[in-house]
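Letter by letter, the sequence shown follows residues -19 to -1, 1 to 106 in mature numbering (1 follows the signal peptide of the UniProt record, and there is no 0).
Because the hints were derived from the structure by calculation, they are not lab data.
Fair warning: this is a prediction, and the values are worked out from it, not measured in the lab.
Virtual Cβ for every residue (Gly too), placed ideally from N, Cα, C.
A portion of the hints provided could be inaccurate.
[What the hints assert, rightly or not] Okay, the calculated beta carbon distance ranges per label pair:
1) E27 with S87: 12 to 22 Å
2) N35 with G92: 15 to 25 Å
3) D96 with V50: 14 to 24 Å
4) A86 with E27: 29 to 39 Å
5) A86 with E29: 24 to 34 Å
6) G97 with L13: 29 to 39 Å
7) D57 with T105: 12 to 22 Å
8) T105 with D12: 10 to 20 Å
[What the hints assert, rightly or not] Below, a list of computed lysine to aspartate or glutamate pairs in the DMTMM-like style, where the Cα atoms sit at most 25 Å apart:
9) K95 with D34
10) K31 with D12
11) K80 with D34
12) K80 with D96
13) K95 with E29
14) K42 with D96
15) K31 with D96
16) K31 with D57
17) K95 with E27
18) K42 with E27
19) K42 with D57
20) K31 with D53
21) K26 with D57
22) K26 with D46
23) K80 with D53
24) K26 with D96
25) K80 with E29
26) K26 with D53
27) K95 with D53
28) K80 with D46
29) K80 with E27
30) K42 with D53
31) K80 with D12
32) K95 with D46
33) K95 with D57
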Amino acid sequence: MKKYILCLSLLLTAGLIFVGCSKDDDPADNDLFVGTYRGSVSYTKEGENKSSDNGSVTVVKTGSDYNFVFSDGIPDLTGVRFRKDGDNAVISIEEGEAKAIRITASSLVIGYAKDGAVWTANCTR
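Construct the complete structure from the given sequences, taking the supplied hints into account.
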């Protein structure tokens, strides 16, 4: 009887592991991009220059928008929309001035211009 219970519990555990580790679980569908990325950050607007090689950007998701909270007194970027990229990343989809943001689970690259200001970041986590 003990062997029967042991075999049954092993089968149930294996089934749970198989279901929990599905290969079609795309990180771009999850909140894997939320968190803090560290690296070089900079901001320029009308003669005001701020930069750091040891800065950080914290990514916060609110609804379907993302906010980027910069360190070192750099103003935040808020309300940025993304679309899913094919290789488990998201990229910005805004029209207008130069706006390029690419996020993966391990890296963040920003080149974003808005209202005469330019934000850049090249960070990892």
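### Task
Please write out, lowest number first, the hints stated earlier that are contradicted by the structure.
1, 10, 18
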